[in-house]
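Participant: What follows is each chain in one-letter form.
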Amino acid sequence: MFKLLKIVLQRLGLGVLVLFIISVIIAGAVELLPGDLCQELQGQSATKETVAACRKELGLDKPVYHRYFVWLGNMLKGDFGVSLANGRQISELIGDRTANTFFLAIYAAIISVPLAVALGILAALHRNSIYDRVVNIVTLSSISFPEFFVAYILIIFFSVNLGWFPSLSNITPDTPLTEKMYKAFLPALTLTLVVVAHMMRMTRASIINLLASPYIEMANLKGMTRRHIITKHALPNAWAPIVNVIVINLAYLIVGVVVVEVVFVYPGLGQLIVDSVAKRDIPVVQACCVIFAATYIILNLTADILSIITNPRLLHPR
Amino acid sequence: MTDKYESTVGQTADAVAPPPPHERRLSDAWKALKKAPLSAKIGIIVILIYVFIALFAPLLTPYGESEVVGAEFEPWGEGYLLGTDNLGRDMLTRLFYGARNTIGIAFVTTVLAFLIGGISGVLAATLGGWMDQLFSRIVDVLMAIPALIFALLLLTIFGTSIPVLVLVIAVLDSTRVYRLARAVSLNVVVMDFVEAARLRGEGMGWITLKEVLPNIMPPLVAEFGLRFCFVFLTIAALSFLGLGLQPPTADWGSMVRDNATLITYGDITPLIPAAAIALLTVAVNFVVDWFLHKTSGLRDDQ
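Residue numbers (numbering that gives the first Met the number 0), protein chains in the order written: chain P, 0 to 317; chain B, 0 to 301.
Everything labelled a hint here was simulated from the structure, so no lab data went into it. Beta carbons are placed, not taken as given, at the ideal position from N, Cα and C, and that holds for glycine. Some hints here could point you the wrong way.
Claimed, not checked - Sample of chain P residues facing chain B (criterion: CB under 7 Å; computed from the structure):
| hint | residue |
| --- | --- |
| 1 | Ile-20 |
| 2 | Pro-145 |
| 3 | Phe-147 |
| 4 | Tyr-151 |
| 5 | Val-258 |
| 6 | Ile-272 |
| 7 | Val-273 |
| 8 | Val-276 |
| 9 | Arg-279 |
| 10 | Pro-282 |
| 11 | Cys-288 |
| 12 | Ile-297 |
What the hints assert, rightly or not - Stretch by stretch, here's where chain P covers chain B in the computed footprint (C-beta under 8 Å, at least three residues):
| hint | region |
| --- | --- |
| 13 | 118-127 |
| 14 | 170-183 |
| 15 | 270-282 |
So here's chain P without its partners, still in its complex pose (with noise of 0.2 Å):
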């Protein structure tokens, strides 16, 4: 038990140390620029005492280290900065969408978890048989379609034809829960479509994998029932690589979720990053990549840990 503590305790600081130079890559992307911010913003109308006005406000004039440990310390207190598009509070600008983007995440992952572990468990329990065959030319297929493609077909079949969903999600903070999924079904419906076949394609090649091993054989080879070797003998071994997927996927979700807003008008944090690149709205931009990588590496970290605590050979140390 106490190795197994140590192995977490490590990997939990490993996390922290990447979360912080994930963070020194996003304040300090600013510095690769030629000149610097000021000049970039103001182009040709730039002049010495615009710049230097310019730098002071937003405190350029001081050194890099100093302004990186200033940016976190607000940051750690949940104070973006100001965006510079519109020179409102940015923490004011991404509370909710923060709130949509999860919501749209957890929507498409509780829909699709389940869909694809269950179908890839069977895909990989009928290995080579015509459900399968169809399954992988179908998923297959799927994982190559752009993911914008996928809500225009959703949109033009559910909703301009059947008249079933809205193609416009517009949520607001106080849209009743119901009519929220109801509004958010077909980006959800996207996002699911887009991440079973990968999630599906991946459970299935490590049960596979699992069912070719040594000890599978053995218990084949000694004449136990089927029901028994996937209860007693597989499933056991299988959660840490479905975890895995499962977690990697949600993960992706986060990020797959970009383009999904930005076809259904859902006000969400992917729709805010992408016009503030277009824009150039620096602070806005950290802000949102901060957010989604914090997110990112989180679940990834999630999946390590669980799959450390889940595997069977770590619980019962030599």
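Given chain P's structure and the hints, the job is docking chain B onto it.
Facilitator: Only chain B this time, still in chain P's reference frame:
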């Protein structure tokens, strides 16, 4: 150099001499191709059609790339086979030129990613030591952030232009290539023939190019297909978001974006470029799938 020499000799002395090695390899490839499953054959044909269209776009299209030829959103019909777009440009023409721009840029980006990632990966594996550590840790950090998010950050800072786009995506994507190249070369550098070459006193260049590289080609070729798909989809997504290729360059992602209003009227024209993207990636995936299956049987236990 030697390859070039051989190929000219092969063409002139064809009738008398036995075919030179590269021609034999070609006929082997042809035989393998004949035995390929239907999905791979379809994939290859689709890819060839795309390449043809991309190369000969100016000859195949009735109008210029960004020429306004009629009213906005003309329906399909005489003169404009697929109608016109939001500015009155011919859809079919834009679609063909889009093949050229979108595929061309994705291809250049993938090649660049392979040069960066492949060279550093093989070097890290053969040299080992601090260089391996340095490269690997940098890659670990770059891979800890989702590529799209990182790309968005860098595009904000450097602005959206084609060179920036190509460079940013190539660098981000080279991390995946690095991982693979390093992993497969690590298996090769411990082989006896590499040891023998070292003992013979061969230099680093010989060992990487003549001993390691030929032995890691099959997985790298398959990876090239997969990475191309990934890069292609990323660029299409960025263009769709308005952050990739900038107008008036014809490009499939932005064509979908510009004409998306038509979709709400039930017109599927804007989906044609999206379908073109999907078809090409499916085709490449089919070919890669077959190639992986053939070269290593990796498919089921990867």
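Participant: Of the numbered hints stated earlier in the document, which are not met by this structure?
Facilitator: 10, 12, 13 and 14
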